[in-house]
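Mind docking chains E and V on chain H? Use the hints.
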Amino acid sequence: MRGRGMRTAVFRLLVLVGLVAIWEAGTWAADNPFFPRPSTIVVRMHELWFSGPPTALFLTEGAVADILPSLGRMALGFAGGALGGVVLGLAVGLSARVYDYLDGVLQFLRAIPPPALVTVFLVLFGFGLRMQLAFIMFSIVWPVLLNTADGARSVEPLHLQTCQAFRLSRAERLFRVILPSALPKMFAGLRLALSLSLIVMVFSELLPGTTNGIGFQLTFAYQSFDLPAMWAGIVLLGVLGYLLNELFLVVERRVLAWHHAAQRLVG
Amino acid sequence: MLEIDNLSHVYGGGTPNEHHAIDGLNLSVAEGELLCIVGPSGCGKSTLLRSIAGLITPTGGQVKVEGNLVRQTPDNLAVVFQDYSRSLFPWMSVADNVALPLRRKNMDKSRRREAAQEALESVGLEAAGRKYPFQLSGGMQQRVAIARALAYRPTLMLMDEPFGSVDAQTREDLEDLVLKVRGHHQMTIVLITHDIDESVYVGDRVVVLSKAPAHVVGDLKVDLPGPRDQITTREHPDFVHLRAEVGRLVRGHATV
Amino acid sequence: MSAQTLSRAVPASATTRWRRRATGAVCFAALIELLSRTGVADPEFLPPATEIVGRAATLLLDADFRAHALTSALAWAIGLGLAALVAVPLGLLLGSVPIIDAATRSVVEFLRPIPSVALIPLVALVIGTGLQHRVALVVYASLWPILYNTMYGLRGVDPLAKESLRAYGFGPLAVLRRVSLPSAAPFIATGVRLAAGVALILTVSTEIVAGRGEGIGVFIYFAGIAVPARMADILAGVFWVGLFGVAVNALLVAAERRAFRWHHAQWGERE
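Chains as they are written, first to last, in the UniProt record's numbering: chain H, 1 to 267; chain E, 1 to 256; chain V, 1 to 271.
Read the hints as simulated data drawn from the structure, not as lab findings.
Misleading hints may appear alongside valid ones.
[Stated by the list, open to error] A short, non-exhaustive set of chain V residues, derived as facing chain H with CB atoms under 10 Å: (1) R17; (2) W18; (3) R105; (4) L122; (5) L200; (6) L202; (7) G213; (8) I216; (9) I225; (10) G237; (11) V238; (12) F239.
Beta carbons are placed, not taken as given, at the ideal position from N, Cα and C, and that holds for glycine.
Looking at chain H on its own, in the form it has when it is part of the complex:
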């Protein structure tokens, strides 16, 4: 099993290397300023962010100015939105009646594309960190909330009867039965929220009035017509997105080990 996993990983890596080689050859042949060679992009990424002194873990000042604020915004926004979504979702999902009453409003709030609301947050908070954080939190809270509520609502009835038959307290029922039951759906919502938070983080940095972050770096490259730097920003965001998703999957696999194992058995 493990040997096969290794083989696929190596195979995929080879395919990836092959495709990058084709990309390199294609851009070399086309010689179009809009499409710099991948090697140029990597060199630019190195210059921009990873050629710093060893004492700073090779991070340049540019990296400290671009990457860290972006990641910080995203982490804080994601944490706040996720926490709010989980708590509110559990509260809404505990009662079928409350869920029914709020369902329409929540579906509406989720359907609003977050960028449409950015001006509202601009008016309320002005440009800056507070606005960006509020915007990211507000954007991701709905998918988490709705998925958590859905999970909390679909607790196996026999589990609830078992709680009752063994006289478990409300707190025990909530934390030991309803919360774990809701976890698989909650994680589905959190995964959506993770990719959404990356999107809205970048979007909030593309707006005028931003002074740092990867999105700001993209705008800056756009204005100075620095195409390699622009591609460097895009590749960096792709890598970050990939890594964050992998990290999330590691956590999910740990937390939901029982669920996945049981699923496999059924399947």
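Just chains E and V now, kept in the frame of chain H:
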């Protein structure tokens, strides 16, 4: 121990889907008795059990456990449901599943763990504590559910078709397990089944219910020479005779 | 949640649920109205609900606003349609050939996480900021959910069904059409529904970042940067975008339900 007086239950009263599950049912169970309740499928057996356990409030009549009117689940009562795969919690280890109800008993953590381990030993699963339910076979999962009920040390144990979802061999093993643990623990057991043989084999007394709305149509004392054995008990003339009688009672009212 | 409600958790009827949803929406609007009218929330930041909805209604009579809204809807529809036209056949191709599936998986895994909004400046440089700018970004963003779900759906096809068809002498194309496509269809539908939401996000984002031309995002953006900001206009615009999103989602869910029923019924007949 258990007194059921003129119990009735109607689902969806006043709607077109109104269903009378139980109608005027009277029953009393003595301390230490192992009572089997048999009846045709869909006759309201589970409704009866849920009324005794305080999981539903019957629309008429009353249930008393140890002299107290049942309004919610009485203390010292434990339930084993038919569907072990949905009554055990898949996110908890076997030991945690068994120990969870003990939190209501003012025991500290190590005491709870010990009690859970003891209960697992008594159902022959002393090595399974750290496993998760999905890693066990169906019969073993039902043993865990029984251990969970035993660990609680109830004075009244309710079992709702506890062997309905396992294969024949496992079923016999579990029947003997119930007879064995019953000898070790002082408790009253009410076991619901639709299997006529099982009711006679396991019970001290068999009560036969009519089809819905359920009421008692037969009440037989099972006086078989003990200890019971899957082969010899089942070929005993008294067993054969009782089985036939219970069968007639169930059939007679199932086909009307 | 008492013992009573637990054991009597009879699901409410559909009419009751709709009534509750409507009541909830009315209460939500009333709350906004109250907060604004009593001055708990500054009416300049949160206009009363009646004013927002009234503004939303009058905007419909405004030719400029209609042009903004139509432009956005057009970019959204063209982009989503093109994405589906590309992603479904591509997904069927990639998903049916195991070796290509394995090879492209890594590419998909690396391209998918790139937040599509990061491409807004680049695409603006390459093809300019007209309708084509929005359509290109919408296509890119909507491609992934559809492609991923199509490939995922093909992976779940019962090999036995494929083999039995092949045993009767059907060629690979017939197998694709008769077994793979129908069994992957529900997944493709889910992909399209997810993509519809993503497409809306990209339409509005691109319009706001571009900050010129026509589009509901442009309308909202200008209402926001005006001094003082025209909050009722912003929220009326948001109201219409949200309503559009809810309507599209509801429509697609309903369509999926119908299609599923047909799907299952046909499957049942064949077995």
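Here is how each hint holds up against the structure:
no.	hint	in the structure
1	R17	5 Å, holds
2	W18	9 Å, holds
3	R105	6 Å, holds
4	L122	5 Å, holds
5	L200	5 Å, holds
6	L202	8 Å, holds
7	G213	16 Å, violated
8	I216	8 Å, holds
9	I225	7 Å, holds
10	G237	7 Å, holds
11	V238	5 Å, holds
12	F239	9 Å, holds
The structure is inconsistent with hint 7 alone, although it conforms to all the rest.
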